Structures are given as C-alpha cells and as structure tokens.
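Chains as they are written, first to last, in this note's numbering: chain A, 1 to 166; chain B, 1001 to 1439.
Hints listed in this document are in silico derivations from the structure and should not be mistaken for laboratory results. Given the structure is predicted, the values throughout are model-derived calculations rather than measurements. Backbone N, C-alpha and C fix where the C-beta goes; we use that ideal spot for every residue, glycine too. Be aware that one or more of the hints could be misleading.
As the list claims (entries may be wrong) - Okay, the calculated beta carbon distance ranges per label pair:
1) A:21 x B:1194: 55 to 63 Å
2) A:155 x B:1154: 42 to 50 Å
3) A:4 x B:1073: 43 to 51 Å
4) A:56 x B:1264: 19 to 27 Å
5) A:162 x B:1028: 19 to 27 Å
6) B:1194 x A:4: 37 to 45 Å
7) A:42 x B:1039: 54 to 62 Å
8) B:1020 x A:150: 28 to 36 Å
9) B:1407 x A:150: 40 to 48 Å
10) A:38 x B:1300: 33 to 41 Å
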Amino acid sequence: MLSQEALARIDREIAKYPPGKKQSAVMAALRIAQEEHGWLSQEIISFVAEYLEMPPVAVYEVATFYNMFDLKPVGRYKITVCTNLPCALSGGEHAADHLKERLGIGFGETTSDGLFTLKEGECMGACGDAPVILVNNRRMFCRMTRERLDSLLESLRAESEEKGRR
Amino acid sequence: MTTLRLGQMILKDCGEKSWRLADYEARGGYQALRRVLQEQWPPERIVEEVKASALRGRGGAGFPTGLKWSFMPRQFPGEKYVVCNSDEGEPGTFKDRDILRYNPHSVIEGMTLAAYAMGASRGYNYIHGEIYEVYERFEEAIAEARAAGYLGENILGSGFSFELYAHLGYGAYICGEETALLESIEGKKGQPRFKPPFPASYGLYGRPTTINNTETFASIPFLLTMGGEAFHRLGKPNNGGMKIFSVSGHVNRPGNYELPLGTPFAKLLELAGGVRGGRRLKAVIPGGSSTPVLPAAVMMECTLDYDSLAKAGSMLGSGAVIVMDETTCMVRALERLSYFYYEESCGQCTPCREGTGWLYRVVHRIERGEGRSEDLDLLQRVTTQIMGRTICALGEAASLPVQSFINHFRDEFLHHIEKKCCLVPREVQRAGSEIAVEA
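One chain only, chain A, in its complex shape (with noise of 0.2 Å):
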C-alpha cells in the first residue's frame, strides 16, 4: 500500500521514539502517506494502524482532529491562504479573493481539471510575511503580490505538465 521508501521514512520517525512508542509517529506516518497517496483513504488509515499496531480508530481519530491531513481527495496542488487577522490586515483576503478568480473556485473547491485545491488556512506563524500561502503542506510561498500568485500558478502547471510528460 505504500512503497518501500514510504516505509523507510515511517520507520526513520518510529526511531525518534522509545521503545514501545511507535504510536508517537502516527501523525509522521499519516503525512507520509498523504505524501504518496494525495489523500488518507479509509484503506491508508487502516494500513497505517496496521503497520503502528494502534487500533484504526486510534489513528482515525488523529487523521481527523489535525487540520492538514484530507481525509477526501484534492487537486495535485492544494493551496491554503492564510486570511487570519495579522494576515487579513496585510492583503490576505485580497490574496485569496485573486486566486478564486484566477482559477474560478471558492474555498474548499477543487479546479475541474484536478489541478488545483484552495483552502482558508489558520495562523501559519509567518504574519510578518503577509500575504503567506502553503502548497501542498510543504512550500510556504511569502509576500504574494497578484503578480507573484500569477507566477506561481503557471510555475505549479508547468511543474505538473512536466511530470505528465515523464
């Protein structure tokens, strides 16, 4: 269910922890699932529980309580915007309203083309850099101008065309 090198990385944070306290790297576990998977299925959740000898429910019920996990699938690039206050201030919702219509989506919608995902995001603890956007949990993209979110997008499919063509 997940490829060798997933479960590699798994065990490398199973290691952080004492003995008998594989449970400690069930949040490690499900992000590098998510990872590889784009989502956590109800399959994944199950393998992951298997594989950390915690009840499924156990991880369900982390899955579910910790904002960045998707328990339903999104676009190849999920972009989350901070509109928090700080952020607000500083042109965070001018931000977001710029990618809602550039891909013609609200928030929580995914493009029809698969590609992309927006979400509201919660304090990302970089008010200083606002406006600030996350792609895909990992990047965090700061002081998005509408030019630079313009950019951005076309970089993100230009990424994706090239890994199509791979």
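Take the given structure of chain A and dock chain B to it, following the hints.
Structure of chain B alone, referenced to chain A:
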C-alpha cells in the same frame, strides 16, 4: 525577503546564510555548554542563574523559567524529558520560525543545557506543521550538532548524554498548549490534560518533563554566558532580558525586532516604519491574538514588558504586536478572531466547544448588520460562562478579545447594531488592507 529586522541577542548576526553550526560557533555558540560541562557545574547552579535572570516564559504565559525548572524532580530515577514548544500558531506570532531557521543551534544548546540541569536524557522539539522547511532545517542542525559531539552519547567527553529529536505538528492551534502538545507527541488527539498533575511530575509518557518555548530555550546560552544578573539588567526588574517582538498588520516594516524588555511601544512602532501610509493608529493587540486589545492612546504610553502591559489591562503574551490603523473595522477584526477560536477549540470541554460557536455566530451577525440590541450583553454572558470552566486557557483566549474589543470600541459595535452598517466604509477597509509588500 526576511522578517528578521533587528537582532540583538538570539538573532544577532543571524540570517539565511549564517544558520549553520560553524556560523553559530563563530558567534560564540556552544561555549556555555562547553564551560558548564568542563567545569562540571552542579545542575542547581544553572537553575539559580536562570532564577537570577528573571527570564520569564516567552511562549505567552510569562511564568518564571527558573521557578519552573526548580519543580523538576531531578533525582527521580528513570527517564525524564525536555520538550520545546515550537508550535507557534498564535495569530501575530512568528518569532520562533526565525529563531529556528536563522539560529537553530541556540535552541539545541539551550535544550541541552536544560537537560543537564534537569537530569533529562531525551528531548523533543515540537515544530508547527505549516513550517515544514524550517522543520527540515532543524533536523539538519540536529545532525550537525550530533556529528560535532554536542548531542548524543557522552557529550564533549563529559559523561553526560542527551538525545534530541524534532516532531512535526500538523495543523492544530491547541497543541501549543503544553499538555495538548505532550498528548500529540504520544500520537493522540491534541487535547489538553487536567492540571495538576503538572508536566514536571507527569509529563511525556507519564514521566517528569520540562516544557518551554523556543525563545526561552534559545535565551539560555546567552543568559549563562553573560550571567543571570547581567541578563536581568538587560531588561527591567522582574522582566529580565531581551524579547523578540513580532510586528504585523498596518505598519510599513512588519517583522521581528529583538529589543530589551521595557522598550517603549512608540520606539518599536518607529522601528517598524510607523503606521502604513501615514495613517492614524487605532488599536494594538500587544501580545498575540489572545491578549486584550488596547486603544492607540493607551498603547502609546506603554512600555513593552510583562508588568507595564498587565497594568494597562492586557498582556505581553508572546510579544506579537498586531497593529491596526483607522481603516480597521473592529467588529470585523473581532469576527475573524472569533472564527479562529471556534475553528480551533478542541471540543473537549462543553463551555468552550459550544461557547466559541456562540461567540463567533453572534459577532458574525452583528458584523453583517443583523445584530440585536441585546447581543452585547449576550456576548458578555457567554464569555463569563466559558472563562474558568474549561481544562485549558483556550476558553480565556477566545473570551478576552471579545470582552476587550467591546469594552474599548463599544460605539462601533452599537453602530453596527443600530445602523446595520459599519462605521468604517467597506471600501476604506478594503483599501487599508491592500497587499502591501516592500519592493
């Protein structure tokens, strides 16, 4: 392209290209650890220095660090833990991110010194999920420190051993609460525990644990190098040391400014380039979104330290200064914060789970011009039914903004309710919150 504007202690001479071990050593890094281990300091001496420094917790609560450390039963047999809280998600706060990416070794050295003082042999740094790239860098810094003998078995040949690991959060504000954070490391939902017992007696995996904020740990090497008394004198009595202030919102130069505690707010505002567009200052949230808002006139008279802000009716909190100018609608600002607490309540305690929803929905209807004349009393009543009735402080964090916004800006709320519209025209608000990025 950095939020680091002024570093004078932890962030001094730090930056994107000078975060590595060799850079830290060139700045005098790991000298405190070397000295403590070579001179075989009794652990109590470290705790005494920290007490003398009047260092107070930099995460928001401001609890005296030396006192917290003295609660650790260091003679207690078996595993003990040191945990760093880098789950920085309090709106307005972005200092730990700069410490971790520009001076990660100061945190590693601080945690190692803390472990030595507390007799702990294992530590975790819990890093906010959204800053994945910073987490990766911290892992790299740990590897550097381990290779150089500053971490791991028999550190610098002293016989003292300490292992440190990074744990990545994944999007839950509540995990910044220390016991929720411990639950989260244990692989559970991040729901706070009842206190007592406190982490010093029952912490991670039920073992004695000391948990401090990133900036607190990062201060330790500097504090021990200059001595507790000297550190204390950097600030003002009872408010020792330097503090990193994260300035966001309507200023020309948002970013992190490391200043002595007791610096006048007016000075910080000046450093941050003043209010954007030369507009008039309206209000400031001085310590992160959970701390009570203060009107401009009150704030301009405050100095930035725990005592001055407490006297003014607010808190230093995490040192996150959110600046709002005259284009801000205070109802709308509160609505956004109330939504945040509603979204982030962990759902464990009924008064908070239900109460934050009430707060958001009522502020939301006032903002939309659908407020009722009894709504301000209703909001007040809901906050008093939340506060003091929950396991953790999120209930207070959600209530204090509501109380302080209404208290200081009652006219704006009444205008919304009576006139069904905002005192600040929508287009003025829009223009005031335009994307403002320096070239």
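Structure-based check of all given hints:
no.	hint	in the structure
1	A:21 x B:1194: 55 to 63 Å	22 Å, violated
2	A:155 x B:1154: 42 to 50 Å	48 Å, holds
3	A:4 x B:1073: 43 to 51 Å	44 Å, holds
4	A:56 x B:1264: 19 to 27 Å	56 Å, violated
5	A:162 x B:1028: 19 to 27 Å	46 Å, violated
6	B:1194 x A:4: 37 to 45 Å	43 Å, holds
7	A:42 x B:1039: 54 to 62 Å	58 Å, holds
8	B:1020 x A:150: 28 to 36 Å	35 Å, holds
9	B:1407 x A:150: 40 to 48 Å	43 Å, holds
10	A:38 x B:1300: 33 to 41 Å	51 Å, violated
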